[in-house]
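K.L.:
As a plain string of letters, each chain reads:
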Amino acid sequence: MTVIELLTALENSALAHAISKTDHLVAAGLQIIHVLGLIFFLASLVLISLRAIGWALADHSIADVARDTSRLLWIGLGLTVLSGTLMFIATPRLYYFNWAFGAKMALLAVAVLVQATLFRRVANAEAPTPAFARASIGLSVACWFGVAMAGRMIGFV
Amino acid sequence: MTTLLTLAEQIESSAIGVAIAESRYAYPIFEGVHLIGLAVSVGLIFITDLRLMGLVLKRTSVASVLSHLRPYVIGGFIATFVSGGLLFWSSALRMLESPAFVFKLVFIALAGINALVFELKIVPRHAAALAAPLPRSFAYAGVASLSLWTLTIVCGRLIPYLPAWS
Chain A
1 MTVIELLTAL
11 ENSALAHAIS
21 KTDHLVAAGL
31 QIIHVLGLIF
41 FLASLVLISL
51 RAIGWALADH
61 SIADVARDTS
71 RLLWIGLGLT
81 VLSGTLMFIA
91 TPRLYYFNWA
101 FGAKMALLAV
111 AVLVQATLFR
121 RVANAEAPTP
131 AFARASIGLS
141 VACWFGVAMA
151 GRMIGFV
Chain B
1 MTTLLTLAEQ
11 IESSAIGVAI
21 AESRYAYPIF
31 EGVHLIGLAV
41 SVGLIFITDL
51 RLMGLVLKRT
61 SVASVLSHLR
71 PYVIGGFIAT
81 FVSGGLLFWS
91 SALRMLESPA
101 FVFKLVFIAL
111 AGINALVFEL
121 KIVPRHAAAL
131 AAPLPRSFAY
141 AGVASLSLWT
151 LTIVCGRLIP
161 YLPAWS
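Chains as they are written, first to last, in our numbering: chain A, 1 to 157; chain B, 1 to 166.
If you're looking for bench data, these hints aren't it; they were derived computationally from the structure.
A few of these clues could be false.
[Said to hold, decoys possible] One side only, chain B facing chain A, incomplete, derived with CB under 10 angstroms:
| # | residue |
| --- | --- |
| 1 | 20 |
| 2 | 24 |
| 3 | 25 |
| 4 | 34 |
| 5 | 43 |
| 6 | 45 |
| 7 | 57 |
| 8 | 58 |
| 9 | 59 |
| 10 | 65 |
| 11 | 68 |
These numbers were taken from a predicted model, which means no experiment stands behind them.
The beta carbon of each residue, even a glycine, is placed where N, CA and C say it ideally should be.
Take these sequences, add in the hints, and give me the full structure.
P.N.:
Here it is in structure tokens:
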């Protein structure tokens, strides 16, 4: 089975029909959830990042700020991934052939990798080296902003 | 109303408006900057609102959250306003004809008034309580802000989905 056949099968599935063949406001609703989830995720990430490089809430430990914000971060990420997956299932071939979508997925893969390695090391450290913290956080935030930018461009390219 | 639409038409057909609309990448890039800017500004406001409601960052005082996040909220807003202004420049007529856009502006104005009342009236009155158990008015201000900004985002995202005024 080629990728195209797989995507076509996905597009003809009952779930895809349920999303795309109903009122167009269902798609709008998914877009709204996607944006709101992204806002909660990105803002939580930015807050932890600002603390990790000592630009905000420096009177609290990095671990405290990360712990206090992590639930919001996961809720935001969950909403974004769920709504995004449903949007993809509804019109998979449209996304597959869109270069901005490809760029978004590539950046997403890098962002997740940076998150799991560098970012985690900084967030778990009591007092990371400032240079290492700044480089890791800068790379992480740049990747996630890139994901948002490429994602927003999908509808226009 | 007609003068407003004529003005919008003039804005849209100005050199900059046409340049943005005709460029292949300007419009989508401004859309991206708008999204990132609002994720920082409105996102940090959402976190502040949840703090006012006593739901997150309970270890951190409200005073500390407000003062530490303010520069980034303002920075995010500048990016959002500038990119939003440029997007409007190239599509002023379509925007004024969209009920979702007009409602979005109304909700931004209400959210702004709510923030001003909170910062200028409510916070000074409860200066001593900023660390201790929060007065109920803080939670109300947080709920109002969270609701108004959510409505702003919903309306903004609905602009391409809803029909023009009939």
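K.L.:
So, against the hints stated earlier in the document, which numbers end up violated here?
P.N.:
Failing hint: just 1.
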